[in-house]
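Note that the protein sequences, when read in sequence, are chains A and B. In terms of this note's numbering, the first sequence opens at residue 137 and continues consecutively. In terms of this note's numbering, the second sequence opens at residue 133 and continues consecutively.
These aren't lab readings, by the way, just hints derived from the structure by calculation. Not one of these hints is a red herring.
With a cut-off of at most 30 Å between alpha-carbon atoms, the simulated DSSO-like pairs for lysine-lysine come out as follows:
1. A:Lys440 - B:Lys219
2. B:Lys207 - A:Lys324
3. A:Lys361 - A:Lys390
4. A:Lys313 - B:Lys207
5. A:Lys324 - A:Lys154
6. A:Lys154 - A:Lys265
7. B:Lys210 - A:Lys330
8. A:Lys324 - B:Lys206
9. B:Lys155 - A:Lys324
10. A:Lys275 - B:Lys219
11. A:Lys361 - B:Lys219
12. A:Lys182 - A:Lys226
13. A:Lys324 - B:Lys219
14. A:Lys415 - B:Lys219
15. A:Lys258 - A:Lys154
16. A:Lys434 - A:Lys313
17. A:Lys154 - B:Lys155
18. B:Lys210 - A:Lys313
19. B:Lys219 - A:Lys154
20. A:Lys324 - B:Lys210
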Amino acid sequence: MARTKEVTRVQELIYEMKVGQVMSTEVITVDLDSQMSNLRNLLGEKRISGVPVMDNEQLVGMVSIEDFITCLADRNSDCSVREQMSRDVKTLYDTDPLVHAVQEFERHGYGRFPVINRETGKLAGIITKGDIVRGLLNKMEIDYHEEETQRRLIDRSFEEIITEKTRFTLRYDIVGKDFNRAGETSSKLKEALKRMGIPPDILRRVAIATYEAEMNTVIYTSGGKLAARITPDEIAVEVQDSGPGIKDIDKAMKPGFSTATDQVRELGFGAGMGLPNIKKCADQMQLESTIGEGTRLKFSVHIKRSEDHGTNNHR
Amino acid sequence: MILEQIVAILDGDFLTRQNHRQKNVQTGCGCDLMSDVLAFIKRDALLLTGLTNTQVIRTAEMADIQAVCFVRGKKPTKEVIALAEEKEITLLATSLPLFEACGRLYRSGLAGCSEYED
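Turn these sequences into a full structure, and let the hints steer you where they fit.
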């Protein structure tokens, strides 16, 4: 199958690259005890709309141009950053994949996220949508130096380049009755997901379930199609064949039940563990089958995050 | 337990060319049913089996099995060895029967699948 059909470079990179690789490490911050009037100069000078607030090297809040306007509207006089900042700060870790950052930009609608070093717990950088686009283009060695190209790409392409490509489908054909090639499809899918940086435990569960599904298709049918839909939250696999169908799904789901031939058993399969195995590996599984028409199996494995990234209250 | 030690315990040989003598495995699993292997084996394991077909390598690939030892003096085809090399799965061989090969390794301290949490 053509490589373009499998996965594009951008798609791979969004899953593969980490926030720490594209973030800006030169972070402009303000001190907790500074005044809002200082902030105006800082934001104006640096042409930015928000900065992290620090207290002894610890991130304690974010303060933005909106906070400054609120301060003016309320008081008409100067007030402290301490009073005006928002303490409910959403952060990212330097080790988070870009796909997670993209999701967080979509979810919260913020312009920037402070980035925390996962090991030290300290502020390590700051990331904007522009940083992500630049990082991707850089990695692909696309010349973005021409200012016009750069601005256009960053303004228009964030949704196009990134959001679209965080959800996509890999498609493969499964050749029936060919026991030598059985497993090739699962192998290709596993390789593609591995390049995308899918965590090893998730990868292993998807691979085992896919392989069992592929073996069923090879053993019992003349072939079928496999589609794996990848989103930031889950990997959903669908295997469809136009084979003989399953007579009794409840029975087929019972460990040890099998209708396999001796030839299949000699390969080490047909022990009646395939469907129960898939169920064990998957977070969700659905099996539909019609005699004489075929079988459609869907299963999904959720991509869990190592930690919840919700509110990050440092105080 | 490292593979070099395992080969010594089993009076066996390496079949793949890569130098994986120092590769470490955490558990062992002896089985000829690949579906059972897929259901129960833990990652970074050594699989001992009498089956020598491509599906053994595919099973190892999917389940992150580090090494496979063929028992009872069975040898896989060149194609099977080549696939294992491509997937960086180390292949070993011993003339011992499955039960004895597993027994020797277990006696030497290699844990079973049910005894190891990954």
